[in-house]
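Q: Working from the sequences, and respecting the hints, build out all of it.
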Amino acid sequence: MRELRLRRVHLVLVILASFSLSANGAAQVTFERIVNSSKEPQNWLTYSGNYAGHRFSPLDQVNTENAHSLVAKWVYQTAAGGKFETTPLVVDGILYGTGPDNRVFALDARTGRPIWLYQRQLPGDIRPCCGRVNRGVAILGDKVFLGTLDSHVMALDAKTGNVIWDVTSVDYKLGYSFTLAPLAVKNLIILGVSGGEYGIRGFVDAYDADTGERKWRFYTVPGPGEPGHESWEGDSWKIGGAPAWITGTYEPASNLLFWPTGNPSPSNRGAGRAGDNLYSNTLLALDADTGKLKWYSQFTGHDEHDWDATQIPVMIDQGDKSLIAQANRNGFFYVLDRKTGKILSADPFGKVTWAKGKDVQGRPLAVKEAQPTPEGRMVCPGAAGTTNWESPTFDSQTGLFYVTTREQCDIFSTAPQPYEAGHGFYGSAYFPADDTEPYWGALRAIDPASGKIKWEFQHPSPSWSGVLSTAGHLVFTGDAEGNFIALDAASGKALWHFQTGGAVYAAPMAYAVDGKEYVAIAAGESLYTFGLP
Amino acid sequence: MLCTRAKIAGWSALLLLMTATLSAQNKNPYAGNPKMAIAGASQFRINCAFCHGLGAHGGGRGPDLTSAHKRHGNSDAELFQTINLGIPGTAMPPNGTTGQGVGMTDEEIWEVITYLRSVEVKTSGPPPGNAAHGKELFFGDANCSGCHMVEGKGGRFGPDLTGVGGARAPEYIADSVRNPSRRLAKGLFEATKEFPQEYESVTVTTADGKEIKGVALNEDHFSVQLMDASEHIYMFEKDKLRSFEKNRMSLMPVYDTSLLSDKDLQDIVAFLAGLGEKQ
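So the sequences go chain by chain: A and B. Heads up: the first sequence at position 410 corresponds to 410 in the numbering used here, and the numbers run straight through without jumps. Heads up: the second sequence at position 267 corresponds to 1267 in the numbering used here, and the numbers run straight through without jumps.
Hints are computed from structural coordinates only; laboratory data are not their basis. Everything hinted at is true.
Far from chain A, by Cβ distances over 10 angstroms, these chain B residues were calculated:
| # | residue |
| --- | --- |
| 1 | THR1066 |
| 2 | ARG1117 |
| 3 | SER1118 |
| 4 | LYS1122 |
| 5 | ALA1131 |
| 6 | GLY1140 |
| 7 | GLY1152 |
| 8 | SER1201 |
| 9 | THR1206 |
| 10 | LYS1213 |
| 11 | LEU1251 |
| 12 | GLY1274 |
| 13 | LEU1275 |
Simulated pairs of lysine-lysine, DSS-like, Cα-Cα distance not exceeding 25 angstroms:
| # | chain 1 | residue 1 | chain 2 | residue 2 |
| --- | --- | --- | --- | --- |
| 14 | B | LYS1246 | A | LYS493 |
| 15 | B | LYS1238 | A | LYS493 |
| 16 | B | LYS1246 | B | LYS1210 |
| 17 | A | LYS351 | B | LYS1246 |
| 18 | A | LYS294 | A | LYS238 |
| 19 | A | LYS493 | B | LYS1240 |
| 20 | A | LYS358 | A | LYS452 |
| 21 | B | LYS1263 | B | LYS1135 |
| 22 | A | LYS358 | A | LYS368 |
| 23 | A | LYS493 | A | LYS351 |
| 24 | A | LYS351 | A | LYS452 |
| 25 | B | LYS1186 | B | LYS1246 |
| 26 | A | LYS454 | B | LYS1238 |
| 27 | B | LYS1193 | A | LYS351 |
| 28 | B | LYS1213 | B | LYS1186 |
| 29 | B | LYS1122 | B | LYS1027 |
| 30 | A | LYS452 | A | LYS342 |
| 31 | A | LYS454 | A | LYS493 |
No residue lacks a Cβ here, since even glycine has one placed at the ideal position from N, Cα and C.
A: This is the structure:
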């Protein structure tokens, strides 16, 4: 109790100190501010809240004692159909978010009233695989940065939304797109490409924040002569996939980016791409200045189940151990040594039938009986994995890792298909079995030290919501039924919920203005914020 | 003058373009092309089979598409529109490149339609069975209408069957009568939710000890809305209940041969199969 009160006094001081900045207009967002994001808990400066990928807010005004009294503060309606996946950023009282079809909005974070709006005129023939979605912007200096569905990278003026620069990354007509929130590191804007369902050759790019000049590109499928190229059969590397469509994390001390990649193409059909298919379904450690590979760890080699590793890699420090944890779509919770990439543990956190035993690198081994056939075979997890791209959270107070999971098994089949540039290239089809168990979901709290599940909160149907933890000993999540929920981080007990009226396909975040804490979530077509009465 | 002429030219070009686009969406350019049917089979498997089942025989969410009798129309133009723009109020999303579904090009949509034509069951008439007698049974002795509505008449406890003939094959309908729990019917579909509600059975005990059994109209973690056999709607917050249980045994009685002969079943199926065609 005493500890809580002291923390609150400290928080008020921090907020007052920073408020003097916002009174003079938004200060420049420097790299140092993002590195030290925990020192300004009123702001949310990068996609996952900090570079370590914790999605943890140091705010504790809303806490286990008062969460039951949370009320809606304002709602911003995008009037855009489709999945609303944004995590907004907040800098000194201004909230920056994105909506479907590359909408960007800057709002008064206190009232929800727009300051500026931007919407890109997209060509009619873009090919995003899974909806015309976007997950957010990056901010650096006086600009916000957007990756577009037609594979451009853009800088917008943070005060007006005016386009400062706009560069083409790659030809969208070949099936490439950007859906992720970029990551700002030093003076670079870093993003990975989507398109694993179109036979692309994946990459991670870095652009100069001032000019838009591309500084480096790391191809996630190695070309001839590069290490790892031998893991592809014949010319299969050219259309090998391995997209990189979720925002990576960054460690300032080592200057390493930790960037995860997705499935090899075509996703369920291994014929024609014999080998491990590096660097698909891999965690890459890249030098942030050069894009050079420091180490890699592949979670699923020669994947035939679309086991994208596109989940946030979360840095955890335990004593003198530098770890990185990932709850993977393939159903295993991995803990790796952050210095070497060595897999230290891999424990199932949902029902898994595709793998049994582990290889020498600690990777789960696929069983023959789970290999997709033309007729199809039942495999768990199902088409969407045990988890997917939804952000987890790590709370150093409880030491627990919280992640949205789904219990779903499906029939995986191969559907041979020739490659045609810019067209869907899946090689696979999924469908539910006639007598399948009903699908359901759960928010699970995992102890990274043991891989054991400490508690779970069940959803009647699977949720696509990310998770936020806060210093108020709370965990926030959403569900497919439209609820936004606050839970006790220690026990998983629901303390409060609000029916938003639309399913949640986004992750929550928290910020403060004028010393008042807000928690925000995108649901349905609207962005909702909540606070104490 | 110049300006006007330019304007007229502009409008004519636009009109031409619109006509071209419209006709591009009215007539299947690949009609009868077996190569395109094969390409369409692959597109179908990848993009449509999750809901409509392998071979287009219907799945948990999507109707059987092998019947020429389709609820939302079976002409080339109607099929194109359904796939491209989706069907509002149902689980069918807009699947063209500008939609939020699977993002098929016009060409790919036509391939799928060509494939569907190739698997369409050509029947030389209505399914076997006496539909008139089936109707009598439905509203009379078999008491289907006690729970199911057809064209505005009947009960509310089970799904409305007005459209079932356009959505399900006769074998599927017959199996649902004999084995109602094998696949629970889908109920409410919410626009942003991934999966629809199913006709699950719910039993609750209220705080004052009253037991209520019914079918789930909707449910989330915190609340449940249900209807009992007398068509009362109940709405509960789960934490205020003494107990809450749900299961996947349908509340529909199993119509085995002692309750309904094969001949009578065939007649009822003939009646239902004839329903639901687009007017």
